[in-house]
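Participant: Chains H and A, in that order, are what the protein sequence lines are. Numbered per the working numbering, the first sequence spans residues 1 to 82. Numbered per the working numbering, the second sequence spans residues 1 to 82.
Think of the hints as simulated: they come from the structure by calculation, not from any bench. C-beta: ideal position from N, C-alpha, C; glycine also. You may find that some hints are simply not true.
Within a straight-line C-alpha distance of at most 25 Å, the following computed DMTMM-like cross-link-like pairs (lysine to aspartate or glutamate) qualify [claimed, not checked]: (1) A/K3 with H/E32; (2) H/K3 with A/D9; (3) H/K3 with A/E59.
Restraint-style ranges between C-beta atoms, simulated for each label pair [claimed, not checked]: (4) A/G31 with H/G69: 39 to 47 Å; (5) H/E32 with A/P56: 18 to 26 Å; (6) H/E17 with A/D24: 18 to 26 Å; (7) H/T72 with A/P71: 42 to 50 Å; (8) H/T79 with A/Q74: 43 to 51 Å; (9) A/G47 with H/E59: 43 to 51 Å; (10) A/T72 with H/T72: 35 to 43 Å.
If you want the ones that stay clear, here's a sample from chain H, every Cβ over 12 Å from chain A, calculated [claimed, not checked]: (11) M1; (12) I29; (13) E33; (14) A46; (15) R67.
2 protein chains.
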Amino acid sequence: MAKFMDVHDGFVGVTAEELNAAHDADLKIEGEEGVHFERAWLDPEAGKVFCLSTGPSKEAVMRVHERAGHPTTQVFELTAEV
Amino acid sequence: MAKFMDVHDGFVGVTAEELNAAHDADLKIEGEEGVHFERAWLDPEAGKVFCLSTGPSKEAVMRVHERAGHPTTQVFELTAEV
């Protein structure tokens, strides 16, 4: 199982409630891809969302986000952390 | 106190030990700016580092990173998280 950070653009003006709803949409289907989204952080001024996840591959992370309605191609595999 | 995610590019091929050393360099001086770097994640293939911090401002975060030798202008203020 690998760890990933992915980045979304275009979330300008999104609220905490909308972030929660987007995260819940991921959680509902993530198991089908063997992915788990652990955390998500929002900067609604820049429109950025960062999601930390574990899963089998970048492609699996991308599939969950795409099916949940918020696709991104910016997925980074994390091989070290502090 | 606000929360921030910052992003570094150009860390291609960096090792876990080098990530630790860079993080330690931040920790040594962060108190002078009222900043604390909580976590950092590395993708050495893409050359990305993501740092999660708390502090008084984006500028304070940028000053610590610059003085520690790894400046970035990509600092995002996080107003919501799950």
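Participant: State for each hint whether it applies.
Facilitator: Here is what the structure says about each hint:
Under the criterion of a C-alpha separation no larger than 25 Å, the hint pairing A/K3 with H/E32 is inconsistent with the structure, at around 32 Å. Of the supplied pair hints, the one linking H/K3 and A/D9 holds, its CA atoms being roughly 19 Å apart against a limit of 25 Å. Of the pairs offered as hints, the one joining H/K3 and A/E59 is violated, with about 29 Å between alpha carbons and a cut-off of 25 Å exceeded. A beta carbon spacing of about 42 Å between A/G31 and H/G69 agrees with the range 39 to 47 Å that was offered as a hint.
A C-beta distance of roughly 43 Å is found between H/E32 and A/P56, which places it outside the suggested range of 18 to 26 Å. A hinted range of 18 to 26 Å is violated for the C-beta pair H/E17 and A/D24, which are about 38 Å apart. Distance hint for H/T72 and A/P71: a CB-CB separation of about 26 Å, inconsistent with the stated range 42 to 50 Å. Between H/T79 and A/Q74 the beta carbon distance is about 20 Å. The supplied range of 43 to 51 Å is therefore violated.
Checking the proposed 43 to 51 Å range against A/G47 and H/E59 shows it is violated: the Cβ atoms sit about 21 Å from each other. Distance hint check for A/T72 and H/T72: the Cβ-Cβ separation is about 21 Å, which falls outside the suggested range of 35 to 43 Å. The beta carbon of H/M1 is kept farther than 12 Å from every beta carbon of chain A, the shortest such distance being approximately 15 Å. Distance to chain A confirms H/I29 as a non-interface residue, since its nearest Cβ pair spans about 16 Å, more than 12 Å.
H/E33, annotated as away from the interface, keeps every beta carbon of chain A farther than 12 Å; the closest lies near 19 Å. For H/A46, the condition that its CB be more than 12 Å from all CB atoms of chain A is violated, with the nearest at approximately 5 Å. Non-interface status of H/R67 relative to chain A is upheld: no Cβ of that chain comes within 12 Å, the nearest being about 18 Å off.
Of the numbered hints stated above, those contradicted by the structure are hints 1, 3, 5, 6, 7, 8, 9, 10 and 14, listed in ascending order.
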